[in-house]
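Engineer: Here are the chains, one letter per residue:
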Amino acid sequence: MIAATELATPATSAALAVIDQLLRDRDGMIARIRAGTQLVAIMRTMVATIALCGAMIGAGLGSYRGGVQIGYAAIKLPLVLLGTAALSAPALSAIGASLGRRARLGVDLAMVMASLAYGALLLAACTPLVLLARALSLPYHHTILAVVGMFAVAGIASLRMVVHALATEAAPGWRTAVVGLCVVFAVVGGQLAWALRPYLVRPRAQDLAFVRALEGSLFDAVMGTFASARGRYAPDVNANDEGWR
Amino acid sequence: MSRVHSRPIAFAALGPIAIGGILAVRADQLAPLFAVPAIVFGVVAATAPALYIATAATGAAPPVATVVRALVTALGAFGIALVGLVLPAAFLSLSSLSITTTVVVTSAALAGAGLLALRRLAGELGARSLGAAVVFGVWSLTTLGIAGRLWADFAWEVIS
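Chain order of the listed sequences is A and B.
Counting from 1, position 81 in the first sequence corresponds to residue 81 in this note's numbering; the numbering is continuous, with no gaps.
Counting from 1, position 38 in the second sequence corresponds to residue 283 in this note's numbering; the numbering is continuous, with no gaps.
By construction, these hints were calculated from the structure, which means they are not laboratory data.
Only a predicted model underlies this, so the values are computations on that prediction, with no experimental measurement involved.
Please note that a few of the clues may not be correct.
Said to hold, decoys possible - Restraint ranges, calculated between C-beta atoms of paired labels, are given here:
1. A:A125 - B:V379: 29 to 37 Å
2. B:A372 - A:D25: 54 to 62 Å
3. B:G376 - A:H141: 54 to 62 Å
4. A:A17 - B:I404: 22 to 30 Å
5. A:A213 - B:I404: 21 to 29 Å
Glycine included, C-beta positions come from ideal geometry on N, C-alpha and C.
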């Protein structure tokens with residue numbers, strides 16, 4: 001039997017080798033990124049991995065409704081992952097540098113991308129579970145909870161990789177830098193995911209839009225929900241019953 | 246002033262201008278562009294001598310040149326942290342419909358950068374005695390209190 005790497009071009013083989021190392025030897029991958037060698041090639045592979053894996057899990061989520069939603073979610077989910085990384089990674093460098101850590105934006109960006117790529121690979125591995133949920137006609141809210149669980153596992157794995165990378169570096173202020181990255185990542189990722197929703201849509205939904213009209217930020221929605229909980233209802237709050245999904 | 250000092254000062258000016266720019270765009274006013282750096286530099290200029298005098302009175306103050314270098318480094322750290330937070334803050338602000346979100350986001354960025362700068366300043370000055378630590382704690386709270394009040398008053402005026 002011919003190995004897949006033997007059939008691929010040298011560039012593809014190198015990319016597959018990088019992905020293989022990411023899955024099997026993360027310490028080696030971290031050391032490679034920190035050394036700064038082949039940073040551009042590693043970044044290119046990570047971006048492609050996030051895009052492809054994000055598209056896979058996005059298509060899986062979209063398949064719950066089917067039709068054009070498969071394409072919509074397959075496009076939007078990689079945008080959320082890559083956009084969040086691009087907006088958040090500079091915060092890691094800046095917070096670290098402000099506490100005396102050596103500022104290496106390229107290395108930090110590659111580290112964040114590698115961690116996200118690892119999480120995206122784990123999410124891609126979960127895609128069959130999403131398809132199984134659809135095949136078994138699992139109720140909508142049960143599916144939502146299952147997807148949240150999958151994303152939580154992938155997110156924790158990604159975070160663990162970043163924490164491990166910075167802990168072994170042991171630079172001044174690395175803990176604060178990780179906390180800062182987590183806060184920025186959660187807020188920016190939450191808002192970007194919110195702005196580009198929906199991903200998982202009920203099978204009976206009729207009118208599908210690529211993105212909903214801007215109804216305010218996630219923060220606005222949370223504040224609106226707090227107000228509603230205290231009995232102060234705004235006419236437009238939660239007017240769209242599809243929620244955050 | 247040496248080159249070593251000019252870079253942190255440049256960052257210290259650039260960061261607040263950028264954060265002020267976010268509020269300026271949302272409020273359609275130019276004032277935040279100038280107000281944010283003015284608050285930062287004004288409050289530091291007003292309170293920094295007190296830090297040196299009080300620490301010296303405890304008998305634990307480093308040489309004045311060391312204190313100046315530490316303050317400049319901390320100001321630079323403040324600016325660098327803000328520069329790193331500009332992209333997420335701008336995204337969160339511009340993707341929201343409410344200007345209150347902009348104020349919350351920019352306030353959080355300024356507060357976070359301020360705390361990081363204080364931590365850096367504490368590290369640069371070094372813990373020389375319990376008295377010096379107490380002085381630094383009181384000075385930090387006072388500086389944050391003054392800057393926070395000025396910022397809150399200004400932001401309130403912008404959104405109202």
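Engineer: All hints, please: hold or fail.
Structural biologist: Evaluation of the provided hints:
Between A125 (chain A) and V379 (chain B) the Cβ separation comes to about 54 Å, which falls outside the hinted range of 29 to 37 Å. Under the hint 54 to 62 Å, the C-beta atoms of A372 (chain B) and D25 (chain A), about 41 Å apart, miss the expected range. Distance hint check: the CB atoms of G376 (chain B) and H141 (chain A) are about 60 Å apart, consistent with the given range 54 to 62 Å. Taken as a hint, the range 22 to 30 Å is violated for the pair A17 (chain A) and I404 (chain B), whose Cβ atoms sit roughly 54 Å apart.
At roughly 24 Å, the beta-carbon separation of A213 (chain A) and I404 (chain B) lies within the given 21 to 29 Å, and the hint holds.
Checked against the numbered hints given earlier, the structure breaks hints 1, 2, 4 and satisfies all the rest.
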